[in-house]
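There are 2 protein chains.
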Amino acid sequence: MAATAAVLPSLSPSSSAASQTAVFLPPNQRFLQSLRQTSLGGLSVSTPGGSKRRSTTPLRALIAPDGGELVELVVPEVDRPSKQAEASSLPYIPLTPIDVEWVHVVSEGWASPLRGFMRQTEYLQALHFNSLRLADGSVVNMSVPIVLAIDDLQKEAIATSSSIALRAPSGELIAILRNIEIYKHNKEERIARTWGTTAPGLPYVEEALTSSGNWLVGGDLEVLQPIKYYDGLDQYRLSPAQLRKIFEEKQADAVFAFQLRNPVHNGHALLMTDTRKRLLEMGYKNPILLLHPLGGYTKADDVPLQWRMKQHEKVLEEGVLDPESTVVAIFPSPMHYAGPTEVQWHAKARINAGADFYIVGRDPAGMGHPTQKRDLYDPDHGKLVLSMAPGLERLNILPFKVAAYDKSQGKMAFFDPSRAEDFLFISGTKMRNFAKLGEKPPAGFMCPEGWQVLVDYYQSLSTNNNGSLTTQQPKAVASV
Amino acid sequence: MAATAAVLPSLSPSSSAASQTAVFLPPNQRFLQSLRQTSLGGLSVSTPGGSKRRSTTPLRALIAPDGGELVELVVPEVDRPSKQAEASSLPYIPLTPIDVEWVHVVSEGWASPLRGFMRQTEYLQALHFNSLRLADGSVVNMSVPIVLAIDDLQKEAIATSSSIALRAPSGELIAILRNIEIYKHNKEERIARTWGTTAPGLPYVEEALTSSGNWLVGGDLEVLQPIKYYDGLDQYRLSPAQLRKIFEEKQADAVFAFQLRNPVHNGHALLMTDTRKRLLEMGYKNPILLLHPLGGYTKADDVPLQWRMKQHEKVLEEGVLDPESTVVAIFPSPMHYAGPTEVQWHAKARINAGADFYIVGRDPAGMGHPTQKRDLYDPDHGKLVLSMAPGLERLNILPFKVAAYDKSQGKMAFFDPSRAEDFLFISGTKMRNFAKLGEKPPAGFMCPEGWQVLVDYYQSLSTNNNGSLTTQQPKAVASV
Chain L
49 MAATAAVLPS LSPSSSAASQ TAVFLPPNQR FLQSLRQTSL GGLSVSTPGG
99 SKRRSTTPLR ALIAPDGGEL VELVVPEVDR PSKQAEASSL PYIPLTPIDV
149 EWVHVVSEGW ASPLRGFMRQ TEYLQALHFN SLRLADGSVV NMSVPIVLAI
199 DDLQKEAIAT SSSIALRAPS GELIAILRNI EIYKHNKEER IARTWGTTAP
249 GLPYVEEALT SSGNWLVGGD LEVLQPIKYY DGLDQYRLSP AQLRKIFEEK
299 QADAVFAFQL RNPVHNGHAL LMTDTRKRLL EMGYKNPILL LHPLGGYTKA
349 DDVPLQWRMK QHEKVLEEGV LDPESTVVAI FPSPMHYAGP TEVQWHAKAR
399 INAGADFYIV GRDPAGMGHP TQKRDLYDPD HGKLVLSMAP GLERLNILPF
449 KVAAYDKSQG KMAFFDPSRA EDFLFISGTK MRNFAKLGEK PPAGFMCPEG
499 WQVLVDYYQS LSTNNNGSLT TQQPKAVASV
Chain G
49 MAATAAVLPS LSPSSSAASQ TAVFLPPNQR FLQSLRQTSL GGLSVSTPGG
99 SKRRSTTPLR ALIAPDGGEL VELVVPEVDR PSKQAEASSL PYIPLTPIDV
149 EWVHVVSEGW ASPLRGFMRQ TEYLQALHFN SLRLADGSVV NMSVPIVLAI
199 DDLQKEAIAT SSSIALRAPS GELIAILRNI EIYKHNKEER IARTWGTTAP
249 GLPYVEEALT SSGNWLVGGD LEVLQPIKYY DGLDQYRLSP AQLRKIFEEK
299 QADAVFAFQL RNPVHNGHAL LMTDTRKRLL EMGYKNPILL LHPLGGYTKA
349 DDVPLQWRMK QHEKVLEEGV LDPESTVVAI FPSPMHYAGP TEVQWHAKAR
399 INAGADFYIV GRDPAGMGHP TQKRDLYDPD HGKLVLSMAP GLERLNILPF
449 KVAAYDKSQG KMAFFDPSRA EDFLFISGTK MRNFAKLGEK PPAGFMCPEG
499 WQVLVDYYQS LSTNNNGSLT TQQPKAVASV
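Residue numbers (the working numbering), protein chains in the order written: chain L, 49 to 528; chain G, 49 to 528.
Next up, chain L with everything else stripped away, as it sits in the complex (with noise of 0.2 Å):
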């Protein structure tokens, strides 16, 4: 366990004892609440405005933001009633609740450097480039369109305005878009670049595109409140500002992220609690990881995101994962399930929340063909092209290890190829299916406590609605 310690430049951490005990909880933060009670240490609270630093020892500063600066674009709260009142006055768009799960994405900086909906120039190099080039001629990560689509009424009514409002569902202002520029929005190419296919069926385009308007507007965005979504959940929802206060705070000296929309299995925990193991061989004192299911739009068969958090909760509560050294939120951005594209963006959004390590699967944002019986993306395209991403080059990929269940230690292990008939390797259909159907899987699978939550889940949609299912998202999407 030699350490490295040539990757670790002017490491010098503090005592353990001092990155066990700083550590910021939002209000009835449950997660965090649950590792307190299933911690071996003893945690204690700090707010985020009370920095308490319990040492002086000149931390390894985390990740810069892409760009060098975090973006945000909350207006201060001195300022609110006079853009409120500005907003009012100003013609206005109805946005859907994906544009809303967008406008919370860029708003907090995860699209650092971007400061609004994409103008056109933007738009083009992500479609073609995956990639923006700032002014100073660096390059950044920004592999999917972050872009507002209009319709030709809309369009006329906000031709002759340089500034504009959006409107949440709930007809409540909740931004004011300035500078605008309106440009075409061809979805055929769009859908092509992005997803590499244009068969139908790719959920996102369903359900966002495919009716939406002819016409994108660009511009920057100032948010006149933060976004909430009154679910129950805002307390996880934070923002990378926020983020990288716990990881300062904790002294972490590298923090690896973990994107997920699926509930947490033992696989998934072996390979998270394998990665601290493989980050402290390399001579880090504090890894942390970030566990980040994502948030914002998935599609009807995925688990929703309060039985996810249900979930992962129970994951935590039973020790399956280190509650040290674990900061669990939620990535509010919506799903497109757009494979190679999209697992860019959810690296790059990372790292704007301090990440300077990311984990990425086999099939990464993958899905079946809409249409034909394969896999819509080869499984190994993911992380091949996440490590050859430009703008990504200041990011460690974590390419996963293959788990699976093994049956001669009946818990998941990293496949062994050379006993290969010892494995017993469960899809997430196969998982859906055990839940479904109220069957067990194989003891070690999951921990007991978190099955019961998906078998819940499941019993719960055949109770409520014949078991059909619904595209899944936070409901209310509202500002207060």
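One thing to keep in mind: the hints can contain errors.
All copies of an identical chain are treated as equivalent in the list; a pair is satisfied when it fits inside any one copy or across any two copies.
Said to hold, decoys possible - Mimicking EDC-like on lysine to aspartate or glutamate, the simulated pairs with C-alpha atoms at most 16 Å apart in a straight line are:
1) Lys325 / Asp184
2) Lys421 / Glu236
3) Lys333 / Asp322
It is worth saying that the hints were derived from the structure and are not from the lab.
With chain L fixed as given, assemble chain G onto it according to the hints.
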């Protein structure tokens, strides 16, 4: 007309007499012969080997090839017998005419630093990022996949070899491909990401992709001898190395490339002449035009290469372009008709031939949508994408000024919106229709002898095969 000397480091041109006299003429170079006939100054001839420099004044170096060194993959003559013997012992893949065009393109370094058909990492970078990151971290543009498709049986036949031979359609051995890598050919994804549509009817797709195999084979090329077509036009197929030699011998201090796949009308000529004027105004002393018609595969309703070359020759004979400062050569690439994606390839390849200025028009490499009544690409996207493309930062992009027929002057002129009613726009379709019907375009649209070539072409069609069109491609692909 102040010279902006800042853009011209260490520029010390020789006398204008010298710049007129040093020129490499390949054998039977009809263009340059005709230039000689029409030239005001006398041209002297030197062979590629005989580099009689008329001046020792240090020249401003030509733009460096991508990757720093021009790739040249034709085996030295001394090694040919042994390589030929080796090739004949290897399992082989029969090439299509378009495959051979790509072998030609790569062998001469148009795609530098690419050294063969793409392996998977290069292919994925081209598809997703339109660029390749090199070992030193630098980035070169590479927007179009240059790949070799094979079918299941061919894959099986070569799977155990690390090197394979490539044969022309004639059966002749033309190259060895070394250290091969076989990977999946997902045609749908390749088409969607390259063309931004998967609509049926894309010419290159129908010609080269639809019936191609489900695997791609990448590797390093060794080409057994220079690729020749024996169609009477080989003397115009100058390699990047040959072009660079000409530009150096002409003591060019700026090279501006004009890609075309259509007959040259006086609007084009005006643009090229005007570009030279602008470059002179910028302080360049000897800007050279590379008039560079595309010579590989083109779609059935484009004017075939043979006829276009005849037409270009007439244009030069009639003195529409200045023969002193013009080099005409054939660009051997096949045409993708992939708009903003392809225009990057067209520009990048010309860097490798020494061009540091690139003229880009409206809707470059564009065409009508194959199934909808609209342009496939937004006509402005080509130049926008080109101006932002990774790896092309060194290239000066010169956007096309719009030229149209000015009725008040009876000639082609730059469009003046303040007197729009004076201008007549003659589209390619309109031009072709005039020629098909044997009608005369307005005087001053095109030089009369050039026009006659087009009329002859369309008459030959209706005489020979009832006007039906077939795919245009150099027929005889073989080597000495």
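These are the hints, each one checked on the structure:
1. Taking CA atoms no more than 16 Å apart as the test, Lys325 paired with Asp184 passes in neither setting, with 38 Å inside one copy and 31 Å between copies.
2. With identical chains, the CA atoms of Lys421 and Glu236 are at most 16 Å apart between copies only, with a shortest distance of 14 Å across copies and 23 Å within one.
3. Taking the shortest alpha-carbon separations for Lys333 and Asp322, only the intra-copy value of 15 Å comes in at or below 16 Å, while the best inter-copy value is 65 Å.
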